[in-house]
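S.K.: Residue numbers (the numbering used here), protein chains in the order written: chain W, 128 to 338; chain A, 128 to 338.
These aren't lab readings, by the way, just hints derived from the structure by calculation. There could be a bad hint or two in this list.
In the EDC-like style, the derived pairs of lysine to aspartate or glutamate whose C-alpha atoms are separated by at most 16 Å in a straight line are [unchecked claim]:
#1 A:LYS321 x W:ASP290
#2 A:LYS321 x A:GLU226
#3 A:LYS209 x A:GLU190
#4 A:LYS321 x W:ASP288
#5 W:LYS321 x A:GLU226
#6 W:LYS142 x W:GLU176
#7 W:LYS321 x A:ASP290
#8 W:LYS321 x A:ASP287
#9 A:LYS321 x W:ASP287
On the chain A side, residues computed to face chain W include the following (Cβ under 10 Å) [to be verified]:
#10 LEU215
#11 LEU249
#12 LEU257
#13 PRO259
#14 ILE285
#15 VAL292
#16 LEU328
#17 SER334
Backbone N, C-alpha and C fix where the C-beta goes; we use that ideal spot for every residue, glycine too.
Listed below are the residues making up each chain.
Protein chains: 2
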Amino acid sequence: MGAKARPSSAQGPSKSAITRERIITAAAQVLAERGYAGTKLSDIAERAEMKAGSLYYHFEDREDLVDHVLKRGVDESFRRVKTALKALPKDAGHVRKLETAIDAHVHSILQFGDVTSASLQLLRQLPPELQPRYRREQQRYGAVWHKLIVAAQNDGAIRDDLDPVRLRLFILGQLNWVADWPRTAVGDRDELRKEAVALVLHGVVPSREGR
Amino acid sequence: MGAKARPSSAQGPSKSAITRERIITAAAQVLAERGYAGTKLSDIAERAEMKAGSLYYHFEDREDLVDHVLKRGVDESFRRVKTALKALPKDAGHVRKLETAIDAHVHSILQFGDVTSASLQLLRQLPPELQPRYRREQQRYGAVWHKLIVAAQNDGAIRDDLDPVRLRLFILGQLNWVADWPRTAVGDRDELRKEAVALVLHGVVPSREGR
DNA sequence: GTCTATACGACGATAGAC
DNA sequence: GTCTATCGTCGTATAGAC
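Required output: the full structure, derived from the provided sequences and hints.
M.R.: Structural data, given as structure tokens:
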């Protein structure tokens, strides 16, 4: 990589910002496959094509770096789902909203697979002192889904014989697991998103009037 | 492998065997919440109420201990699902079989939560050299589900517009995630199992003739 | 069987050259 | 900004007492 540092006169990210980005991506990949404690700075550095010591120019320490990966992972799905919901017409039905949220959540997982996967499994593995911050963020996201589900149940748009909390966890669990699928199974992404929506909404049994 | 296998007589488990069991359980718990590399022998020892050095009397080394936890985790669901399927009447329908497998899988997760949870997330985190053995075991389990799903699709018992591989991953993902639920969300276990079956089969939208 | 004490290696972090 | 060199810490594993 002998690219000359280009003076960021006009606009666009500085070289430093680009490097930071490269490091975060590399970190997310290693974290996703090795877990929190299994991730060595030397591995991150190698994947980002630099030496371990150089990381300290961009981040305070290991924890600071993990912090950035984690925050981004939790935020990504959140932002995307909120945006997608807001883009819906005001009079959209509950089922339509749910479809939209499912599609957006899966979409974010497919696009930011490593970051999402890393943040999802890391939440458990973090040293207890570090957990509260991210748990809170995750709960705010969970709350969005919870409202969606409860509102839909109250209006009779979806079945109300399932506990809303468990229902949310079932749905998100099914979708989150996609981050861990073997690449070969993912296949066509649009197809996958459609299937996810279909499965959550209608299940595997073909509908029959006299269920 | 680990400790010496006692020539099995008619007596109960030796004291050594009991201790081994205690250690494996402790290890599963720590592995489930800290990940592979995050699990220190001292933590396992503490939870098993002994000192770290003493573990080496029962297991060759760290890897040997993890090995036992992992093997058990993959086996548990497998055994339970196979047994449940065999107990069905020969003429059981495809949907009935699927229900049974779902119920058994969830049941095993609820009962061996730590071991299952540990083995599920550890598969990814293992050093590459150690993975093949467990992957193979997991694939054998996946094959059972695959056959179930394909057979059901071919007979028109379940919808065939979803890719069978992805369908399997969706279903198992939804169920596996239960291992990571907060204890407070699990609630009544029988209720949870029923809900899991209902959700996979019929989804969240109440059935209507003109879907 | 379990303990304490210790060697040994691996990784995080810092300092200073370029 | 990135490198090399180095220090300190911590965890695995071993040795030997009880």
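S.K.: Next step is simple, just say for each hint if it's right about the structure.
M.R.: Hint by hint, here is what the structure shows:
1. A:LYS321 x W:ASP290: holds (11 Å)
2. A:LYS321 x A:GLU226: holds (9 Å)
3. A:LYS209 x A:GLU190: violated (29 Å)
4. A:LYS321 x W:ASP288: holds (11 Å)
5. W:LYS321 x A:GLU226: violated (24 Å)
6. W:LYS142 x W:GLU176: holds (15 Å)
7. W:LYS321 x A:ASP290: holds (11 Å)
8. W:LYS321 x A:ASP287: holds (14 Å)
9. A:LYS321 x W:ASP287: holds (14 Å)
10. LEU215: violated (18 Å)
11. LEU249: holds (9 Å)
12. LEU257: Since the shortest Cβ distance to chain W is 12 Å, the answer is violated.
13. PRO259: violated (14 Å)
14. ILE285: holds (4 Å)
15. VAL292: Given a least distance of 5 Å, the restraint on VAL292 of chain A holds.
16. LEU328: Because about 5 Å separates LEU328 of chain A from the closest Cβ in chain W, which is inside the 10 Å limit, the hint holds.
17. SER334: Because about 5 Å separates SER334 of chain A from the closest Cβ in chain W, which is inside the 10 Å limit, the hint holds.
In summary, the numbered hints that this structure violates are 3, 5, 10, 12, 13.
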